[in-house]
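**Q** Listed here are the chains, written in short residue letters.
Number of protein chains: 2
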Amino acid sequence: MSDQRRVVIIGGGFGGLTAAKRLRRTAVQITLVDQRNHHLFQPLLYQVATAALNPADIATPIRSVLSSQRNVEVLLDRATGIDRVAKKVILAGGELTYDYLVIGTGATHSYFGHPEWAENAPGLKSIEDALEIRRRVLLAYEAAEREATSDQAPWLTFVVVGGGPTGVELAGALAEISRHTLSRDFRHIDPADAKVILLEGEDRVLPVYPPSLSQKAKRQLQGLGVEVRTGRRVTAIDREGVSIGDERIEARTVLWAAGVQASPLARALDVPLDSAGRVLVREDLTVPGDDAVFVIGDLAAVTQDDGTFVPGVAPSAIQEGAHTADNIRRLIRGQPTKPFRYWNKGSLATIGRAAGVADLGRLRLSGAVAWLAWLMIHIFFLIGFRNRVLVLIQWAWSYLTYQRGARLITGAPELQLPDRGDH
Amino acid sequence: MSDQRRVVIIGGGFGGLTAAKRLRRTAVQITLVDQRNHHLFQPLLYQVATAALNPADIATPIRSVLSSQRNVEVLLDRATGIDRVAKKVILAGGELTYDYLVIGTGATHSYFGHPEWAENAPGLKSIEDALEIRRRVLLAYEAAEREATSDQAPWLTFVVVGGGPTGVELAGALAEISRHTLSRDFRHIDPADAKVILLEGEDRVLPVYPPSLSQKAKRQLQGLGVEVRTGRRVTAIDREGVSIGDERIEARTVLWAAGVQASPLARALDVPLDSAGRVLVREDLTVPGDDAVFVIGDLAAVTQDDGTFVPGVAPSAIQEGAHTADNIRRLIRGQPTKPFRYWNKGSLATIGRAAGVADLGRLRLSGAVAWLAWLMIHIFFLIGFRNRVLVLIQWAWSYLTYQRGARLITGAPELQLPDRGDH
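As you go down the protein sequences, you meet chains D and G in turn.
Going by the numbering used here, the first sequence opens with residue 1, and the numbers climb by one from there.
Going by the numbering used here, the second sequence opens with residue 424, and the numbers climb by one from there.
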């Protein structure tokens, strides 16, 4: 036992979990460290934020995913530092020595140098984030219902900052909630009066997609009632709304889907980072000058032959995790590592009910076909058979009835609502 | 419109919701006030606390339950006072005038004069309570896994205070988690070593059931590995455990299922209360000296012909809500109210997987039959078809695999775990 190599994996996301599973039959001792007890299927997190799915539908305990793999130990802890000389990971509650280290701690929100915006424009990275967004969105309608008619508009204005896949998906879902889900539930407001505004700094939404699909996404969003505004950068966010230069949008609910930055653990490595704080890894995903430390997933800046970076999506993290496991096996056998090559299987985004866009290389889909492809792929990759069945049922239900099954306002110790208007 | 009587209902629990729905065809203007946006199916709350069900499976937005009933307005607010002279309800954010007032704000935990116990022994009344209990239970295993072997025992000791239905159900579920759900997930502990201790002050568990069923419940609990200790009263609870007189139980997880006390709104009525703070209502469920104010559900102390009180369970709240709606209709028509008669349909409690007890008058069931009866009845009364399907699937899954699908640790901003032991 004790002469087996010790592999420490930090982060139980798509990359870390794939690396651990791929080492199933290798004679190594693996410790997977995560500060959460669950693997999170982040591509569906916006469905929790918009009350369609439950947290447990898209999250699975890391322990239970790996329970039958006896060469893995799962440790709930937070890595705070890395001592590459002593080959040690410093944890909040102890330390771990390693022979090979795999870091996949992902990314967090970035407010472009305005951390004070966070309070009024929550982002979407964790279950807690999603529940906080759900709470704010649902409470905004409750507040509007209470207000005098003249004061309802800011409560019924929802601004999504950032027109990437998350922003597009959030905006589409918010529009559907207002038009369909809540349509009969209130007495003093018409939820269909709600305004959903999607702001994107570039000149089109989904800027990493081909322009023709950006155009289709925009039209589908507009069809749902979303106001799409591109080429405009937010200059201020406060409790009452958003400023874009001289223009002002009064909105009590602002959601952030614009910037991400790498997890701060990258800085502990003391190696060159890119502007988003990601580690500029070598071809084989190791950090410069250290053959024992691999960085994968959203934390890694992986340069491709054409000079661009590998995109920060789940499939690339999965491929990098698998490749790193293979490279660790090669190193143990005394063989050289192999360079990583990203295989782009395409991109998909959904825009509300039965609408979406898909860029699958030569094949470009939009509308209901893209939505169906998105649905199938996402359900297929959800971890755990039970989750797949439940998610499918909840979607079938939402699809048939326009209802969203998880419309709970929880977690707030005290309600902060306006006084009741004169009804 | 304006000459219609105004009915204000405070509380969207079983009683309040039933009263509102029963007045569907009556020409009144109803306002239902609740400080939560959801109706909670409390009998299944312990299933959320023990990671088997999701919050949204047992909670439904009050608005969506009543969305098609056009004579109801739902208001998210907290009632802070009642002015019976001016016929007004004082809310945190405004006030409401009424012609008839129905109060069903239920009960909360009571720590028998030891409010300081609350911090270390959470009770189970809300979604937030259930998620906090789930967090503590799951974190206790994580902490044990990290500790040196000699320090694991207090983390693996779970004390449930109170042997009524909630305590019995919680203890049974906790035992199953340790024996089955987590059995293969850890490397440094055997979850089956966990000790679940159920403490009851009376001389038997389920003291309101017939003694023969208490006996059977005790045996079924013991069969699951629960240590049942009756006739013992807790004298102290702190961060490290529980004291019972001179005896000390070291336990990092203590759950409170012992005392309840009526919601503080009862005191705002300025009428006689019983020792648990409940309103001693008249035969027709009105408060003494006021024909316009009804109190129902767990907030009401309803004396029966034999001198005992109507039990504080969902069926009595439902019956009281319906009866009150009928009495309000009678008053509007100028007729006298009728006295309330409780129809006891029986009591059911479940004790883990395929075990339980049922007291259905002459019919007394135990074991798998009681469990099946419990399952059917609870699923039948769950509000919303979607919830029923989802709950049934999750139970089928849990039953077949012993897994619990909602094993998420969420909500804690910072982990507080012991340093890692010497493994």
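None of these hints come from the bench; they were simulated from the model.
Note that the coordinates shown come from a computational prediction; the quantities given were computed from them, not determined experimentally.
Some hints here could point you the wrong way.
Stated by the list, open to error - Which stretches of chain G does chain D cover? Using the computed rule of at least three CB atoms under 8 Å from a CB of chain D, they are:
(1) 450-464
(2) 511-517
(3) 721-727
(4) 778-786
What the hints assert, rightly or not - List of simulated lysine to aspartate or glutamate pairs, DMTMM-like, C-alpha gap at most 20 Å:
(5) K511(G) <-> D522(G)
(6) K761(G) <-> D749(G)
(7) K21(D) <-> D608(G)
(8) K511(G) <-> D419(D)
(9) K444(G) <-> D290(D)
(10) K618(G) <-> E663(G)
(11) K338(D) <-> D270(D)
(12) K88(D) <-> D842(G)
We put the CB at the ideal spot given by N, CA and C, even for glycine.
**Q** Decide, hint by hint, whether the structure agrees.
**A** Going down the list of hints, with the structure as the test:
no., hint, in the structure
1, 450-464, "holds (count 4)"
2, 511-517, "holds (count 4)"
3, 721-727, "violated (count 0)"
4, 778-786, "violated (count 0)"
5, K511(G) <-> D522(G), "9 Å, holds"
6, K761(G) <-> D749(G), "9 Å, holds"
7, K21(D) <-> D608(G), "15 Å, holds"
8, K511(G) <-> D419(D), "16 Å, holds"
9, K444(G) <-> D290(D), "69 Å, violated"
10, K618(G) <-> E663(G), "15 Å, holds"
11, K338(D) <-> D270(D), "24 Å, violated"
12, K88(D) <-> D842(G), "16 Å, holds"
Checked against the numbered hints above, the structure violates hints 3, 4, 9 and 11; every other hint is satisfied.
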